[in-house]
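Now for the letters of each chain:
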Amino acid sequence: MIRAILARIKQGHRTMDYPAVPIPLPPRFRGYPHLDSSRCPEGCRACVDACPFGAITREGHLRLDMGKCLFCPECSQACPHGAIAFGDDARLSANRRDELVIDEGAERRMAGAMGKELLSLFGRSIKFREVSAGGCNACEADTNVLSTVGWDLGRFGIQFVASPRHADGLWITGPVSLNMKEALMKTWEAIPAPKIVVACGACAIGGGPFAGSPEACGGIDGLLPVDLYIPGCPPHPLTILDGLLRLLGKI
Amino acid sequence: MRGMGIMGNGTSLPLGEIPAYDAERFFAAVGDAAGGGLRVASFFGVPAGDGQTALYALFASKAEGALGILSTRVDDSFPSLVHRFPQLSFFEREIAEQFGVVPVGHPWFKPLRFHRAWTPGRDAWARPENAAISVGVMDYYRVEGEEVHEVAVGPVHAGIIEPGHFRFQCHGEQVFHLEISLGYQHRGIERQQVGGPHPKTPFHMEAAAGDTTVGHMQAYCMAVEALSGSPAPARAEALRGIALELERLANHAGDLGAIAGDVGYLPAASFCGRIRGDILNMTAALCGSRFGRGLLRPGGTGFDCDAALVENLRRRVAEVRDDLSNAVALLWNTPSVMARLENTGTVPAESARELGLVGPAARACGLNRDVRRDQPFGIYRMVQIPVATAHHGDVCARAMVRWTECEKSLDFIDELLRQLPGGPVRKAAGPLAANRISVSMTEGWRGEICHVAITDAAGRIDRYKITDPSFHNWSGLALALRGQQISDFPLCNKSFNLSYCGFDL
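Sequence order for the protein chains is A and B.
Here the first sequence stands for residues 709 to 959, numbered as in the working numbering.
Here the second sequence stands for residues 1398 to 1902, numbered as in the working numbering.
Extracted from the complex, chain B is given alone in its bound form:
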């Protein structure tokens, strides 16, 4: 990471210490880094005045356990690197949509969330200012041919799930190509943080992706704590770790049940659906909310856990372990289930690497990456959690990784409960320091969550960049469908279970 500003996860730097290059050198450095195997954790724009946009590229190095950052300024365009590094595709489209800066040569240049640019009077697609922007209306990739047909699904889907649009190019039952168009859930979260942190900010973070309340709040708290120089007490970090693993456990358990449901195997589907509720109720025992709302706050946690609650939770962890092992074992022992999971929705490891997949979706392809170990934060700096991987990259591998992670989370929660550090759970966080940048990454149940906060001269938020794991992984789902039966879409989709609102923000 030569030539970059080096940061640790959950730390901040004065803005002046980030190397600022001219565009040519910047993009050469970005190309060298991505070509050299570094992963792009975030790549985003910030209005820089005089019609210019500052671009920041953030790289994660597993070998060095550190993050590298560099910046440049561009006028109304920059050279696209997507041809060489597909993992940049959504980032470049996002920069274009937010600030009206065109990535020249982008092979797939379309809106991402369908909203107006933040910078008035600029639009990367030169759309007139008074014309409405219609979500989902864009040039979809089309396969032509006499026997080729197109299937369009959404935004409103059949189940109680979030909206998105899926466009399949099919030959009979076989999917040639799937294109996913999102933006329906866009609520303007990033832009509303400018000038903050506002009193509403923690609530926006809790609902950025509501099933990942703890994951995003952990990243937000780390950002405030890094910028204000007020670390959370050890006891709070342990409680946050417990909450983060409960969140992972609840979602993995629910999805294993949903995967069983999608192959028509109802026993495991029923049991896991109920067990997921038991796990959510453990989070509610901690803070009153099944989703962890109100539990994490900058400076610590809003609730403590006394000895009686510790015992209560440990008993429930043991019960969940017993029930969930029993329910999930049915999947592996039922040949008709395994026949449907194996060799379905395979993502080759090389594609996963090129797309920059994160979380269980990446680990199921054999990519051994996990923020909890590679850039440890909070309690994970003190207590290690083993990383689970698999190698086939199919639905079965993703299900296996999720189950292994459930086991590790149960061990981890029990261990933390047995040795909760003493002391307070919250210390007031002070005001944010001026002209600094913080990076905070956590491993949510879907994978890497990355928040970058930049403050202005008055210590207010000038830019708050959120990268949900789904931002990296939606293209992985699209790829998983290639050559599959279209009827396997629900199964493939559930094995990823990506967030619409976390992507749309």
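Chain A extracted, bound-state conformation:
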């Protein structure tokens, strides 16, 4: 027992003070993309061609779909002109699929709070049932990490629960493999209404690396209505938490 107490003193209090104090991110972190087509030479398609997932289009100005983007370094490394760069801003979530598309020059849209009625029900306490439907265990791991002492998700009234019967929402990771579709839909049906859906990660949003796979549905869109899209492959825990707190109107 004395050893546990000494270890507790040594390890210290390590819960981060977020959102009061910002969380430091590594310098090479790839967050919100910055697009600047004024740097693009005539006819250059280097970034467009570098993306195997068609996340970038260039018709005059640049457009990047964060729902398709894996936040890999390929496009920014392919561009010799600095027209595309990933910044250090981890706030990426959106309420609607089309709001994940960054149009150069257009106003930035971030996720907002759920409707007033839902907020009165879930604003102070919300429980999720997570279903991994073809997820590679990266989105799952960085969702799980929010429940560790460093992040302490419980202090925001958010919890992941074991049964859909105890849940207020469905948390989906993975491209919805054909073999998980039925279990996913049954889990959704088992959650009592009103209920919400969170699509966590590029796979759940649009198939991610497995977009176009004949063995997967290419994400949850078209199967269930989604309340929060969290981009990334996988999203950083901060991106996930930021999206959740926005959905709950806490930031």
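Hints were generated in silico from the structure; no laboratory data involved.
Please note that a few of the clues may not be correct.
To be verified - Pair by pair, the computed Cβ-Cβ distance ranges are:
id, chain 1, residue 1, chain 2, residue 2, range
1, B, V1780, A, D811, 48 to 54 Å
2, A, Q785, B, G1400, 46 to 52 Å
3, B, G1763, A, R722, 35 to 41 Å
4, B, P1517, A, M893, 24 to 30 Å
5, A, Q785, B, D1536, 50 to 56 Å
6, A, Q785, B, A1705, 18 to 24 Å
7, B, E1708, A, D860, 26 to 32 Å
8, B, R1711, A, K718, 17 to 23 Å
9, A, K718, B, H1480, 54 to 60 Å
10, A, D860, B, G1592, 45 to 51 Å
11, B, K1824, A, R722, 40 to 46 Å
To be verified - Here are the simulated lysine to aspartate or glutamate pairs, EDC-like style, with alpha carbons at most 20 Å apart:
id, chain 1, residue 1, chain 2, residue 2
12, B, K1507, B, E1576
13, B, K1597, A, E782
14, A, K718, B, D1719
15, A, K718, B, E1716
16, B, K1597, A, D757
Just so it is clear, CB atoms sit at the ideal spot from N, CA and C, and this is done for glycine as well.
Since the structure of chain A is provided, determine the placement of chain B on it from the hints.
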């Protein structure tokens, strides 16, 4: 390995140099090799035209530090060797499911991932083409008796984990038998590589098992580099080694915490959960991604590590060593924890050998096998890392092996950081040579990862075979549950922590 084509890890051979035998001689040779103590690293099919399927068997020899390969062609069936060599069981079921070729006499003949065969019009179970294939629906092994009951768990589990189905045959609390049925995570990765490598291929490899991004990418990069004859620069190999050990460290640390959590010992669980994040953040310092996405690319690495980052990482390695030693020591010094870890979920060494277990699960049973030493690749050809083993084969032994490996990884990372080779980190990899086969094996944190790539006459991927360590080890977990309390399943499961998606692909 007489009569086999001999290869080194991370090399390639012209397809014509692989001995091609008639089926009778092939299966006799496979039986002799497996019976003679060689381990099956991979056994897989390739469509060969004319309704035939080519079968390739790949053996790993620790004594010779080499790999042996041989092949044959079969029509719609082949004799099963599972009765004599249980380690072939999943491989034979996989061949049957992918190409509609029946292993005659397989004692446990069921689908593995529940998908249609790659070869249209063929099905090993003669299921009609228009009938849906329902995942998890198969004949489970059943124990009959008045007081015997069955417990079915999954695919959706209680925690935030991947899906799989577990069927327990129980007598009261005691488990007689556990059968594990997977396939829920199947994304068709192998089949989508045909005609490649495609621009999407590296991303499929990074997400084959997302917690083993570096392990699988290392194997993929080695395959491309072997087939294109363009080795990665020494500096890149060192950075890959650092990333692979960081991946091992993060997962072992997280699992030691989860093991503590599963026996209700929260101090170590809390500390290790946080420390795991500190380690993932070191990988993110290297490449921006906590899982190493974008770090490894054929021909080298996508990022370099300057002197300031080296110093930063060395300081963090020292901090992790201090914090993690302190947290994990609590486990060994707490009798109520040790009482739960010892003699729980024991796999006898002989069973581990018969099943062909790999990685820490095998080493915890006293099987001294590790790709980093036995078939060294990349930086491990230059710098050795000691292999950790234990002997009891229980949860405690698996936890001990994982902790010892953490210590070795910390030493190894620090040593590499101190003496990073100079030069570039990436050289462009050329096109793949035609009609060749490459074998690339790495030691991921769960054990041996094996990728085999075969190119066609145009230098495109004709077959890409991935064997995740979980493919060898799931049957080890099933066996570990025999005679245990069903309530110990989470603890046993966590001590293995196998990959669902790495198995399902």
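Practice prompt. May I ask which of the numbered hints given earlier this structure violates, with the numbers listed in increasing order?
Written response: Going through the list in order, the structure violates no hint and respects every one.
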